[in-house]
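Asks: Protein sequences appear in the order of chains A and F. Residue numbering for the first sequence follows my numbering, starting at 1 and increasing by one per position. Residue numbering for the second sequence follows my numbering, starting at 1 and increasing by one per position.
Simulated from the structure, these hints should not be mistaken for laboratory data. Only a predicted model underlies this, so the values are computations on that prediction, with no experimental measurement involved. Cβ atoms here follow ideal geometry from the backbone N, Cα and C, with glycine treated the same way. Certain hints may be false.
[Stated by the list, open to error] Just so you have them, the derived chain F footprint on chain A, three or more residues with Cβ under 8 Å:
1. 15-26
2. 190-203
3. 208-220
4. 224-234
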Amino acid sequence: MRSREYEVEFHCMGSDMRLLVGSPIDATLPSPEARACVVRGFLEHFDRRLSRFRHDSELCALNNDPRRVVPASVLLRGAVRAAVWSAEQTGGLVDPTLVPELERAGYTRSRDGVRPVPVAEAIAAAPARRPACPHPAARWREISVDEAAGTINRPPGVRIDSGGTGKGLAADMAAELLRGYSRFVVDCGGDIRVGGPGAEADPYRIEVEHPLTGRRVIALRLGTGAVATSGINVRIWRIRSGHIAHHLLDPATGEPAWTGLVGVTAIGATALGAETLAKAALLSGPKGARAWLSQLGGVLVHDSGRVESVGLRELSPPKLHVRLPEGMAA
Amino acid sequence: MTERRVPRRGPGVLVVSAAAAIAFAAILAALVLQMRSGADPALRSSVTPVQPRVVLKRRIIDTKVIVTTDPPAVASPRAAPATVPSAAVSAAPQVSYAPVQTAPAPPPLPAPVTRTS
Numbered sequence: 001m002r003s004r005e006y007e008v009e010f011h012c013m014g015s016d017m018r019l020l021v022g023s024p025i026d027a028t029l030p031s032p033e034a035r036a037c038v039v040r041g042f043l044e045h046f047d048r049r050l051s052r053f054r055h056d057s058e059l060c061a062l063n064n065d066p067r068r069v070v071p072a073s074v075l076l077r078g079a080v081r082a083a084v085w086s087a088e089q090t091g092g093l094v095d096p097t098l099v100p101e102l103e104r105a106g107y108t109r110s111r112d113g114v115r116p117v118p119v120a121e122a123i124a125a126a127p128a129r130r131p132a133c134p135h136p137a138a139r140w141r142e143i144s145v146d147e148a149a150g151t152i153n154r155p156p157g158v159r160i161d162s163g164g165t166g167k168g169l170a171a172d173m174a175a176e177l178l179r180g181y182s183r184f185v186v187d188c189g190g191d192i193r194v195g196g197p198g199a200e201a202d203p204y205r206i207e208v209e210h211p212l213t214g215r216r217v218i219a220l221r222l223g224t225g226a227v228a229t230s231g232i233n234v235r236i237w238r239i240r241s242g243h244i245a246h247h248l249l250d251p252a253t254g255e256p257a258w259t260g261l262v263g264v265t266a267i268g269a270t271a272l273g274a275e276t277l278a279k280a281a282l283l284s285g286p287k288g289a290r291a292w293l294s295q296l297g298g299v300l301v302h303d304s305g306r307v308e309s310v311g312l313r314e315l316s317p318p319k320l321h322v323r324l325p326e327g328m329a330a
Numbered sequence: 001m002t003e004r005r006v007p008r009r010g011p012g013v014l015v016v017s018a019a020a021a022i023a024f025a026a027i028l029a030a031l032v033l034q035m036r037s038g039a040d041p042a043l044r045s046s047v048t049p050v051q052p053r054v055v056l057k058r059r060i061i062d063t064k065v066i067v068t069t070d071p072p073a074v075a076s077p078r079a080a081p082a083t084v085p086s087a088a089v090s091a092a093p094q095v096s097y098a099p100v101q102t103a104p105a106p107p108p109l110p111a112p113v114t115r116t117s
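Build out the structure end to end from the sequences listed, making use of the hints.
Replies: This is the structure we're talking about:
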């Protein structure tokens, strides 16, 4: 029987966070309550240091630094490495250097708590659907991290946005802090990492929310690994011209991408990987998305509202414990 | 000729005593009636009447709220749209088992939800 887990919910990174922590396997570990408090503190620290919308963050300091080589903390180096890794894995579709384009589209401040434009209205007014493409200049290739020197190297003026991969990375880092607990969930605004031997034996049920209706349309069983969702229905706004913009840009044009998908949920070994897959799939449109999700599985939501599952299978079969009755020979 | 002056005699002692007793009793009875009616002559008429004492009753209510967490209604596989493969929805194996403990199990926590953020 699954023991009761400690649960805490809070707001961070412009999103709702949730932690579930089971009992410690090792008696020397702190209680689930105490460890959850540590994890929460870490996530809040992560937000303070890496937010593009906090002018005192280390990320903003890096983006404003005129030097080519900038000393950086372990956390910022990790975040930049993760962002570059996502770009490499997706051939530049998930591009962390689109800050000028995001600002030009109107995404200059946090949209936390801002009511989004109804996505149905946006879909009705959207231009012809087409897959996004990488930016030919591939500015992200000029970013490198020197762990030995503790520096980040990039051309001055190339600003980095960790928003595309931040929550996934944060969930993975938080999961590292929960090693040694029987089971856990780190939910960073829908980017979810689960783990622990107890979860492998008795997987979590994770529900996928439809971006247009808010209904739960598919339930997944996940014992270890991650699931992440990317969509256009939350960070979407109207610009001065009357057009509607959102935060998932086509790197090639610098404009919001209208690909025929409004939401993609991807499964991955890590939350960073799942988030990268989800974004790449959404930017690629339905046909490309099926290819991105074919290996580990996921869910597509078309802008018609249709839900399509791709390559979903049982991810973590439970271990069955069989005990023979007394007197029955083994 | 000198007439003998006849001395005038007043009322008798008994008559005077009786009259005084009757007068005293009458005045006493009148005062008793006045006191009973609440008009104490010892109190001046300008004195404000004593207000009846108001007794405040304060009821202390000790409320105990017992909150129980019910499992949220989750989308059942049947509620999923027709386009959703049933295999994806019902991928979870159904394993039944006999309860070992007699104590009631705690209500399950809400399932994590992945969504756009």
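Asks: Hints first: check each against the structure and report whether it holds.
Replies: Hints versus structure:
{"no.": "1", "hint": "15-26", "verdict": "holds (count 4)"}
{"no.": "2", "hint": "190-203", "verdict": "holds (count 5)"}
{"no.": "3", "hint": "208-220", "verdict": "holds (count 9)"}
{"no.": "4", "hint": "224-234", "verdict": "holds (count 8)"}
When the structure is compared with the earlier hints, no violation turns up for any of them.
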